[in-house]
Amino acid sequence: MKRLTTLLSALVAMMSTNVFAEYALNMTEGVTSISRDIYDLHMMVFWISVIIAVVVFGAMFYSVFAHRKSKGYKAANFHESTKAEILWTAIPVIILVGMAIPASKTLIDLEDTSKAEMSIKITGHQWKWQYDYPKEGISFISNLAQSSKDVIYATPADREAVDATGDTYLLSVDKHLVLPVDTSIRFLITSNDVIHNWWVPAFGVKQDANPGFINDAWAQIDEIGTYRGQCAELCGKDHGFMPIVVDVVSKADYAKWVAEQQAAAAAAVASATKTWSKDELMAQGEGVYNTNCAGCHKKDGSGMPPIFPPMKDSPIANGSAADHIGLVLHGKGGMPTFKMLGDADLAAVITYERNAFGNTGSVVQPSDVTSAR
Amino acid sequence: MTTATDTTATGHDDHHHGPEKGLMRWVKTTNHKDIGSLYMWFAFTMVLIGGAMAMVIRMELFQPGMQIVDPHFFNQMTTMHGLIMVFGAIMPAFVGLGNWLIPMMIGAPDMALPRMNNWSFWILPFAGGILLSTFFMDGGAPAFGWTFYAPLSTTFAPDSTDFFIFAVHLLGFSSIMGAINIIATVLNMRAPEMKLMDMPLFVWTWLITSFLLIGAMPVLAGAVTMMLTDRNFGTSFFDATGGGDPVLFQHIFWFFGHPEVYIMILPAFGVVSHIIPTFARKPLFGYSSMVYATASIAFLSYIVWAHHMFLTGMPVAGELYFMYATMLIAVPTGVKVFNWISTMWRGSMTFETPMLWAISFVFLFTIGGFSGLMLGIAPADIQYHDTYFVVAHFHYVLVTGALWSIIAATFYWLPKWTGKMYNEKLAKVHFWWAVISVNVLFFPQHFLGLAGMPRRIPDYSLQFADFNMISSLGGFAFGASFILLTYIVIDCIRNGKPTTARPWEGAKGLEWTLEPKAQYHSFNTPPSRKLIEQESQNS
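Line order of the protein sequences matches chains A and B. For the first sequence, position 244 (counting from the first letter as 1) is numbered 243 according to numbering that gives the first Met the number 0, and the numbering increases by one without interruption. For the second sequence, position 164 (counting from the first letter as 1) is numbered 163 according to numbering that gives the first Met the number 0, and the numbering increases by one without interruption.
Keep in mind that a hint or two might mislead.
Mimicking DSS-like on lysine-lysine, the simulated pairs with C-alpha atoms at most 30 angstroms apart in a straight line are [what the hints assert, rightly or not]:
| no. | chain 1 | residue 1 | chain 2 | residue 2 |
| --- | --- | --- | --- | --- |
| 1 | A | Lys68 | B | Lys419 |
| 2 | B | Lys424 | B | Lys496 |
| 3 | A | Lys250 | A | Lys120 |
| 4 | A | Lys174 | A | Lys255 |
| 5 | B | Lys427 | A | Lys70 |
| 6 | B | Lys529 | B | Lys419 |
| 7 | A | Lys68 | B | Lys427 |
| 8 | A | Lys298 | A | Lys311 |
| 9 | A | Lys68 | B | Lys507 |
| 10 | A | Lys73 | B | Lys424 |
| 11 | B | Lys507 | A | Lys70 |
| 12 | B | Lys496 | B | Lys20 |
| 13 | A | Lys68 | B | Lys516 |
| 14 | B | Lys194 | A | Lys82 |
| 15 | A | Lys73 | B | Lys427 |
| 16 | B | Lys20 | B | Lys419 |
These are calculated hints, taken from the structure and not from any lab test. Keep in mind that this is a model prediction, so the values were computed, not measured.
Please build the complete structure, drawing on both the sequences and the hints.
Have a look at this one:
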């Protein structure tokens, strides 16, 4: 008993010192018409359940307290009543019909993506999201932010390091998805490897990303702000580490952002055709490696054998460049494909893998990757 | 049709039929009680193993940051915890209860197919052993969740997955044989004077469950066989690049998976329908409506599977249909809850341990039912799907539902199994310990899910820290309660006080007409019509 009290008081102390204690108890109302409809449905069904629970459990506990042998209560002997049976079959049916009507309306509305003004293609990868703006010609990959990665890949990741990362621990990424406010947006969702699920609670959008198929969903976001979500379908080792961050901006800011991204994309195309020096490739490659590869193969190239082989002294990194490029492009077994990365990034990371960690492989140029695709 | 009634049975011959001595008794036994005990002890061992994995999960989730295990091992833990609890613990425990109780309840000497009964049990330790051995293989144990969705479980899975597939096949064999045996026993070995509508509800619910098993397990076998050929023989049932469809896997899996849910809960309904009338000293309310409700639930369970798949990109018409069909399940389930409460109403209740478990079953299972209703509302499922809200929901129906009824049944029939009484005081301490800790464990998970915490993640952001810590503390306390349960059961077997044939004042049923410790062969001569009517729940 004494131990329990100490434990409980320790717990209370821990909670009161925790600055992030918010005690979120309920679903978010969100910032789209769909998320609000869902919230209303949720609350309606919840309160109906509460009312039924009060009546049913009320009767049960009244009986438990009143109809006791210890109080000398004598048992009655009734054991059936057709009237009662019909009544408690019919009443639930009526209540269910009452719930089904608004639920059907919301469902039909949220499945109708035909009024969309723009489309975003979302592709799940193990374990990151790729965003494509097909009309604007923008494409980028969004990874878990380095600050969170540093914590989870350090062993063991202790509580202080987590707290230092702040309240966006595991909920921040390197590149945000940027969307305009007050615009009806269609999300086209698919996957490159296993099934993922793109979920932003504030939008009321959660849709499976199935490899080989495209699902759709839509949202019209009413408020400018930053919204966070996570992958909601088990997709392998780092399923917990592929968050979603969306910046919703004014239409003017959005147009500015699009122009910037298009300029950057043009520069990237130019860089893929030039010949890089080894130092340039190594410098660029280290960043790409830490973002995309270090999760399994570790920052120091030691890997996690026998599941994830080490880079150090690897027969592939020290062997033929063509095999190495092929493996990174197409994947094999547990190793996913990385063909969604640009040619310059791929050349840089392959060069890095072949020359870091004491490896002695050749230098790979972006043009080598282009021709290997 | 000959029944196995041995009309020449005398005291002298009974001696002849006694169990073999030593270890070989358990290997060679064809006796329903011995096999029932084997099933129960196997299930209990699996509860402890699966529970230990749950402890690892709750330790890792105790606070943010990766402290104890790496994410890959965490996924192995959640996967194996689920598989072991479903296939190793809950299902075998109910088969064990069925083995022990059904012959005694229908006035039969034993099960209809005793040798198959032995076989269907002895497959289990091998299947369980194969499943657990995957931990020691290169690449580790299966880490794709107990629902093993393709392609994570095919193209992207460790080599040990083939062993997992073999284990699932074996478990399926065992379940199907168990189900065939129960159907054959209930239909052929029932006392000649016992009509179907005289059967106790536990027998009814198990009979219906057996048909669910026979319908559902072959579908699971099909799913894992398709996985096997996808993995090893170049087919692409679940691979879009070869013309397959990963969503097809989910349809097949849940066509098995949803009936499976009711396989794990219908016998629980049966158990509770025995305990509540006993301690309310009042006949079960609405016997026939209970039977019809069970059958309706079983039927509906086959036509609602895709409510697990609202987010897979189903057409809206499909979503509407599966939402309506799912909501319908609330009706027969509600009938059952109302009937139990009407049974209690104006009874003369006492609260021995089995009754405490049964009442808390009604209360907590119904909470799981409410969250189930919420999950069935397709648009709302968008926000609940694959979050801790779902985790809370299915633990309320499986732990405080199925497992609760198994513990309730153990305390209720332990005197009949052993001829001895357990320590009532300790058993009550255990009950309150378990019921409080299990709610500390699972109730906050509703809040976590609504606040947006996905399930199956090894680490979480700081906003989820407090409820996870509370949940973990509840988890450790609930885990520890099993030590006390083990002690109470072993103490009863070893040191329990001898009891009478009918230790519960209000108990009805043919099993209570047997000796205090039920004889090795339950009924050598079938009970008379008069006795059957006297002991019937349908009075």
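Here is what the structure says about each hint:
Taken as a hint, the lysine 68 of chain A and lysine 419 of chain B pair is honoured in the structure, with Cα atoms around 24 angstroms apart against an allowance of 30 angstroms. With a C-alpha separation of about 14 angstroms, the suggested pair lysine 424 of chain B and lysine 496 of chain B falls inside the 30 angstroms cut-off, and the hint holds. Our distance criterion of 30 angstroms between C-alpha atoms is met by lysine 250 of chain A and lysine 120 of chain A, whose separation comes to about 19 angstroms. Restraint check for lysine 174 of chain A and lysine 255 of chain A: satisfied, since their Cα atoms lie roughly 16 angstroms apart, inside the 30 angstroms limit.
Taking the CA atoms of lysine 427 of chain B and lysine 70 of chain A, the gap is near 20 angstroms; set against the 30 angstroms cutoff, the hint holds. Taken as a hint, the lysine 529 of chain B and lysine 419 of chain B pair is honoured in the structure, with Cα atoms around 28 angstroms apart against an allowance of 30 angstroms. With a CA separation close to 18 angstroms, the supplied pair lysine 68 of chain A and lysine 427 of chain B stays within the 30 angstroms bound. This hinted pair checks out: lysine 298 of chain A and lysine 311 of chain A have alpha carbons roughly 11 angstroms apart, not beyond 30 angstroms.
With a C-alpha separation of about 18 angstroms, the suggested pair lysine 68 of chain A and lysine 507 of chain B falls inside the 30 angstroms cut-off, and the hint holds. A distance of roughly 26 angstroms separates the Cα atoms of lysine 73 of chain A and lysine 424 of chain B; the hinted pair therefore holds under the 30 angstroms criterion. Pair hint lysine 507 of chain B plus lysine 70 of chain A holds up; C-alpha atoms about 23 angstroms apart against a cutoff of 30 angstroms. Restraint check: the Cα-Cα separation between lysine 496 of chain B and lysine 20 of chain B comes to about 25 angstroms, which is no more than 30 angstroms; the hinted pair holds.
Proximity of lysine 68 of chain A to lysine 516 of chain B is assessed by CA-CA distance (about 28 angstroms); at most 30 angstroms being required, the pair is judged to hold. For the given pair, lysine 194 of chain B sits about 26 angstroms from lysine 82 of chain A by alpha-carbon distance, which is consistent with the 30 angstroms threshold. Our distance criterion of 30 angstroms between C-alpha atoms is met by lysine 73 of chain A and lysine 427 of chain B, whose separation comes to about 25 angstroms. For the suggested pair lysine 20 of chain B and lysine 419 of chain B, the alpha carbons sit about 22 angstroms apart, so the restraint of at most 30 angstroms is met.
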